[in-house]
Every structure is written in C-alpha cells, then in structure tokens.
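> Residues per chain are reported as follows:
Protein chains: 2
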Amino acid sequence: MKRRMKATIAYDGTNFSGYQVQPNQRTVQEEIEKVLTVMHKNEKIVQVTASGRTDARVHATGQVLHFDTTLSIPLDRYAHALNVQLPSDIRVVKVEEVASDFHARYNVHGKRYRYIWSCEKVQSPFRRFYATPTNGVTPDVEEMKKAAQYILGTHDFSCFCAANTSVVDKVRTVTALEFEWHGNELHMIITGNGFLYNMVRIIAGTLWEVGIGKRNSAQLKDIVASINRTTAGKTAPPQGLYLETVYYPE
Amino acid sequence: MKRRMKATIAYDGTNFSGYQVQPNQRTVQEEIEKVLTVMHKNEKIVQVTASGRTDARVHATGQVLHFDTTLSIPLDRYAHALNVQLPSDIRVVKVEEVASDFHARYNVHGKRYRYIWSCEKVQSPFRRFYATPTNGVTPDVEEMKKAAQYILGTHDFSCFCAANTSVVDKVRTVTALEFEWHGNELHMIITGNGFLYNMVRIIAGTLWEVGIGKRNSAQLKDIVASINRTTAGKTAPPQGLYLETVYYPE
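The listed protein sequences correspond, in order, to chains A and B.
Just remember that my numbering sits 23 ahead of the position in the first sequence, which is counted from 1.
Just remember that my numbering sits 23 ahead of the position in the second sequence, which is counted from 1.
Derived by calculation from the structure, the hints in this document are not laboratory data.
One or more hints might be untrue.
The list treats identical chains as one, so a pair stands whether inside a single copy or across any two.
What the hints assert, rightly or not - Using 25 Å as the maximum straight-line C-alpha spacing, the simulated SDA-like pairs for lysine to any residue come out as follows:
| no. | residue 1 | residue 2 |
| --- | --- | --- |
| 1 | Lys117 | Ser95 |
| 2 | Lys237 | Thr31 |
| 3 | Lys193 | Phe152 |
| 4 | Lys168 | Arg128 |
| 5 | Lys144 | Gln52 |
| 6 | Lys67 | Cys142 |
| 7 | Lys168 | Gly217 |
| 8 | Lys193 | Asp179 |
| 9 | Lys237 | Asp163 |
| 10 | Lys257 | Arg135 |
All figures in this text were calculated on a predicted structure; none of them were measured in a lab.
My request is simple: use the sequences and hints to build the entire structure.
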C-alpha cells in the first residue's frame with residue numbers, strides 16, 4: 024500500500040551545497056533520497072519534494088518535505104529508521120502520514136525564518152558556522168524595529184529579491200518581523216506567506232545597515248516602494264539563516 | 024625587548040587531533056606556533072606552552088598558554104593581530120603581559136572543566152560535535168549528585184586515570200562537582216587542583232552509569248577506594264568536554 028508521508032527535518036547547512044540536488048555536489052535532498060531509495064530496495068529512486076530550497080550553508084530546524092512510501096514501517100518508527108541511515112548533519116524530527124494529495128511546496132501557507140548575528144568582540148569558534156559575526160558591533164535595534172514596520176504587510180518585494188530569479192509575481196505578505204536578544208546574539212524572526220529568492224538575507228542585510236547607522240529607518244519606505252533591488256542593502260551571509268517553520272492549512 | 028605573554032584561547036576541537044603537536048596531524052599548538060613564527064619574521068620557531076593538553080575533539084573556552092615575544096605590538100592589539108591570521112576554529116580571547124618566570128603549566132593552581140550531554144530524543148544536528156547524545160535518555164541527576172559527593176576532596180584518583188599514563192603521583196583534589204540543566208542539556212562542572220589523563224571523561228562516564236541506574240551512587244565510595252581503573256565506568260566521548268578555566272595564583 025502506498026502512503027504519502029510528511030517529514031519535518033533539521034539540517035546543519037555547513038557542509039551542503041544547499042538543499043536541492045545539483046550534479047557533483049553534496050545536497051540535503053540527495054542524501055535523503057539515497058537513504059529512502061536503499062530502504063525501498065532500490066526498486067526506483069524515491070523522490071522527495073520540499074517546501075522550497077535553501078542555499079549553501081543555510082540551516083533548517085523545520086524544513087518540510089513529502090514522499091511516497093510502500094514500506095510498512097510503523098509511523099512511530101519511521102523517523103528513527105531514517106535517522107540511523109542518514110548522516111548526522113541531517114535529522115528527521117517527525118514523520119506523519121498525510122492525505123495523498125498533500126504537497127509540501129504547493130500547499131505552503133507560510134514560513135518563518137530566523138537570522139542570527141553574533142555581536143561578541145571575539146567571535147566564539149563554536150558559532151562560526153551558525154551566526155554572522157559583527158566583530159563586536161552592537162546595532163541600534165530600536166531603529167531596526169522602526170525600519171521593520173515598513174516591511175510588514177503586502178508589497179511587491181522586488182527590492183528584496185535577488186536579480187537572478189524567474190519568479191514573475193513578487194507580491195508577498197510579511198506578517199511578523201521581530202527582534203530578540205539571546206545573550207550577545209541578535210535574532211531577527213520573520214514570518215510571511217512566502218519569500219522570494221534571497222529575500223530574508225536581503226532584508227537582514229538592509230536592516231543591519233539601518234542598525235549600524237549607514238541608513239535611517241525611514242528610508243525603508245522608499246526602498247520598498249522602489250520595486251528595485253539596487254536600492255536595498257547587501258545580502259547578509261548564509262550561515263546566520265535558519266528555516267524554522269513551514270505552515271500548512273490545518 | 025623580550026616580553027612574556029599569557030594568552031587565553033578558545034577552540035573548537037572538532038577538526039584537531041588534540042592540542043599538542045604531533046607529526047602529520049592538525050593540532051592547536053602547531054596552528055598557533057605557525058602564526059607566531061610568521062609574525063616574528065620566521066627568525067626561529069616561536070614555541071608556546073599550554074596549561075596542559077586536550078585530546079582530539081575536546082574543546083576549550085579558556086585554555087591558557089605562554090610564549091615570549093620580541094614584537095612591539097601594543098598589548099590591546101595583540102589578540103586581534105593573532106586572530107586575523109589564525110584559522111576561525113581557534114580564537115585568542117585575551118593576551119596579557121606577565122612576569123618573565125610565569126609558566127602556563129607549572130604555575131597552574133587549578134582547572135575547571137565542563138561536560139555536556141544532550142538529552143533530546145532526536146539529537147540536534149547543530150550539537151553533534153558539541154555535546155554527547157543520550158538518544159533521549161534522561162538520567163537521574165539526584166543520584167549523580169549523591170555519587171559526586173564521594174569524588175569531592177583529596178584522593179588517589181587511579182580509578183579515574185587512563186591506564187597508559189606515566190604520571191606517578193595520582194593524588195588530586197576535586198573542590199567542586201556540580202550539575203546544571205540548560206534546556207535539554209545536562210552540564211557537569213568539575214573544579215580541582217589538577218586532573219589526570221582522561222580523568223574528567225572517566226568521571227563523566229561513571230556518573231552517567233549511576234544516572235541511568237547501571238550503578239548506584241554508594242558504589243562510588245568503593246570505586247574511589249579501589250585505586251583501580253577497572254572498577255570505574257567507561258570513558259565518556261570527547262566531544263562533550265570543554266576546558267573552561269585555568270586558575271593561577273594571583
């Protein structure tokens with residue numbers, strides 16, 4: 024009997040060339056498909072479909088994917104069965120059985136990402152792959168919060184979209200954009216109904232420039248209105264970014 | 024003018040074959056000596072002396088070493104000058120000028136280590152090199168604390184010393200041995216005037232066996248009295264161990 028499975032996975036993006044399969048590169052998708060294909064006796068390649076891709080060095084704590092299985096492994100042992108064969112930089116957190124028409128990408132209702140800056144003067148060697156170092160610079164978070172208000176809501180976010188994209192409709196809705204201090208680390212948590220290519224990293228890079236006084240918060244209004252990538256700030260580095268939650272309709 | 028410098032360093036032990044120089048291996052000591060030697064114009068190898076060695080995959084947040092320098096770099100820029108040349112898995116936290124007879128090993132007054140177990144059911148991929156997984160097992164910490172009472176004080180700690188050691192006097196004093204929960208992670212923090220080879224990892228491994236009911240806490244009294252390594256538990260894995268502080272007389 025064929026069952027459709029929804030898997031929630033976490034991965035340390037450090038040693039991956041991103042999520043999506045690419046020739047001659049180590050990718051998250053390929054590692055998972057390899058394990059599933061072996062589990063299914065190599066009859067055919069078991070393909071997995073994720074909520075979307077993540078770039079090289081970007082992490083995930085709650086990426087979601089779906090695949091079809093013919094195995095009779097009980098649901099409560101499925102995650103463990105995958106984890107014993109997967110490399111330790113990918114962990115399956117949860118496996119659920121879903122309706123046969125569930126689609127991890129088409130059904131996405133929203134996503135939440137986290138971006139982390141490490142503001143220690145001497146960066147901890149333990150955080151070098153997991154946060155973006157600021158070399159001791161502490162930004163003005165109140166200004167970053169003011170700037171964030173111009174990003175909330177529904178806009179054409181062309182200003183925050185990498186130029187090399189084929190997506191035509193760039194209207195998205197950002198429903199929440201918050202900042203939290205965790206010790207010396209600043210977290211930006213952003214939720215929306217969908218994100219364009221590099222959108223979170225460009226928002227992080229632009230708000231960072233506000234935080235260090237290179238731009239003022241009110242400029243964000245013009246940047247968003249410009250519908251032009253060149254008006255926004257630099258793309259923040261990948262290692263600070265985490266795909267945290269993917270939302271689906273109940 | 025020759026100055027003696029005391030450096031406090033942190034390192035991620037994951038990609039090192041330990042602290043101490045070994046032929047054809049990547050070690051912390053060699054990386055630091057390479058950078059110092061280049062900074063000193065390659066006139067001769069600048070040797071560094073640490074408080075003691077750490078094994079492969081063991082971490083440090085407060086290892087201490089000394090070396091002599093003829094460079095006129097101001098004290099407040101010395102750490103930065105080293106950090107720009109060091110690999111990112113070693114960071115110099117602090118450099119101080121000390122008396123010419125300061126010795127990072129001979130003058131050690133005491134040390135503090137931390138051992139971390141990750142008790143999550145599915146281990147976070149982000150903690151795989153930084154904590155020892157328990158596969159969801161949560162130990163009885165109250166029993167571990169009772170057992171720890173038999174370790175406190177001055178004893179011949181042969182029971183907690185790796186067999187392959189050349190040290191003759193195995194009497195040491197453990198001044199504190201505490202447990203703390205940090206979320207799903209259990210930390211053991213141990214302080215003493217000195218530690219034998221693998222002593223912290225054997226204590227961690229033995230107390231862990233108490234925590235999971237494989238031994239009872241009162242057995243620790245006999246283990247310590249036995250002066251015999253074979254009575255104690257397994258050596259806990261290296262990636263959970265951190266050298267945290269080295270103490271010197273004021």
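> Return the numbers of the hints above that this structure violates; sort them in rising order.
Violated hints: 2, 3, 4 and 6; rest satisfied.
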